[in-house]
Amino acid sequence: MTRFLIRRIVMGLITLWVIITLVFVLYYARPGVDPARELAGRAVTPALLANLNKEYGFDQPVIVQYWHYVERLVPIPGQFNLGISNTNRLPVTTIIAQAVPIDISLAVGSAIIWMILGISVGVLAARRPRSLWDRGATVFVLTGVSMPTFILGLLLLYVFYYLLTIHGVAIFPKPGSWTPFTQNPLEWAHDLILPWITLALITAATYSRLTRSTLLETLGEDYIRTARAKGLSERRVVYRHALRSSLTPILTQFGIDLATVLGGAIITESIFGLPGLGLAVVQAIQVQNLPVVIGIVLVASFFVVAANIVVDALYAVLDPRVRVS
Amino acid sequence: MSLSTVQVASNQAPPQEPAVGGIEGRSPLRLVLARLRTDRVALASVAVIVFVVALAFVAPLIESITGHSATITNVDTGTDANGQPLPPGTGGFILGTDNLGRDILVRIAYGARISLLVGVLATAIATIVGVVVGLFAGYFGGWLDSILARIMDVVLSFPYVLFAIVLVSVFGSSLPLTILVIAFFSFAAIGRIVRGQALSQREKEYVEAAQSLGAGNLRIMFVDILPNLVAPVIVLATLLIPSAIIFEATLSFLGLGVQPPTASWGNMLSDAEGVGFQAWWFYIFPMLFLLATTLAFNLLGDAVRDALDPRTERIFAGRRKKKKPA
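Those sequence lines, one after another, are chains U and C.
Under my numbering, the letters of the first sequence match residues 1 to 325, in that order.
Under my numbering, the letters of the second sequence match residues 1 to 326, in that order.
None of these hints come from the bench; they were simulated from the model.
A couple of the hints might just be wrong.
Said to hold, decoys possible - If the Cβ cut is set under 10 Å, some of the chain U residues that face chain C in the computed set are: (1) Thr138; (2) Val282; (3) Ala300; (4) Asn308; (5) Leu314.
Just so it is clear, CB atoms sit at the ideal spot from N, CA and C, and this is done for glycine as well.
Using the sequences plus the hints, can you model the full thing?
This is how it looks when you write it as structure tokens:
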């Protein structure tokens, strides 16, 4: 078990290192690109270029630059440093620390909705294959798979914010509303309800499909027949015996999805004006604010790699067969 | 029974050749088409796709008939006294105008070209790369498989919208780059399935037979094994098209895909967001076309899967790559 975990952690670190290096090459060491010139913007003067070269160390050999770049990413307190934003001169770590609570709020709320909705639709469909329930579930899944996130978000805003508000029923907040949980939990949920639903409906489709297919497979197994032969209630057979072993693939998907939202729900945040990592990265890209872009890409990658390791560890706890292989 | 009647009888119905309208050998393709023809959902999806393709083809025709350019702004007759877009049906604009007075119908027709072009080209590239990578990984196994499978896992698990916008921001947005980025983040979905199939196919007897006949590895991979993988690859490719269309629309919506004034359904919606919801037609029509197209391709993909192999109804359920940007 320990060896298994250590191997996964080493693989995760290698993945992170590859990403860090790729980002470095893309932004600082592409052949034929002068990073100082790109940073300088339109009003380029030789003095400005010299200044930038000095400040960012672009005048040093690439390998030295790479060393300094990697060195400050080693997670030791006092040394770890993601640089300073080009626009407001704040440390990138501060910008990220301000944005992360929004992404955590988004992830927690929408994950609860999409898990409950996705799994229950999947279970309903699997218990009565080819029934009306199953067909309804298929329509739900296909619509969810075909629906671009930004269309669902805009539709929800149109119906629940715009149409209701112009008819005098202003129950949903306008885009850009955000209240921290610690300030007012009710207001927090109220501001996040539409973004939660947007993320959850889109994501739930995958879970319904996954639950239906794995549950149908499990329900055909011998031990389910045994459980039924023992005289257990259908409810107990489905929820205690079958669903439990169907949960492993769902767990994998859940880890990836949760980490993706934590690293910034780019489209949902853009549409609802939520100042999380996703909105921050889009804004930073528009003004070529490289330290912020790189910082957020690294944090988002870290979430995904960490989630994969946690999921693998949980897998090994849930399913003894994984430990052997 | 006279000799002549016997001769006539044997002429009429020789045992090897059944009478007209009897049993007839049908190729797998014809079987699939026959099954699809009875599937009403599939037919409706095909109708929608044909309509969108036709719209894309006649875009210049619509442009010249209406006399409304797709890209040139037309603030004089295309907007009202306050500079606001015109609603559908006014001033000869069937679907209304956008914030710059351009005809939404004409722009939707040109947007269909972009969506279909990106959808089909990105899928074609992703499919070719995915098949080659998957075959090499699955057939050769060993260290090559470990590396390729690991790469595909990483590509599949990463927040691809984030990486796509990083790539676009570095290299500058352009249509070819959009297509390549989408292909890059899609090939692993096909590659993983092909790898899995190739792993099991290479143990089959026909591969051994081909080897004993002296066939080379490349010949076995592409001539012997590949035809057995056509069914899952066709299904996945059909399902990748809507994903690619959504991906392009998303990038364009964020301002990182197709650049104005070229019309794309995604950047039309981004323009609409700047105007506000009172111009509902500016939202609803591009949304409707985008959604109808992706839904049609997804439904068709499901129908093709059922038609190719009616027994394994849920072979890809849940395996499909999630294409939903968060």
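Worksheet item: Against which earlier hints does the structure fall short, listed by number upward?
Response: Per hint list: single violation, 5.
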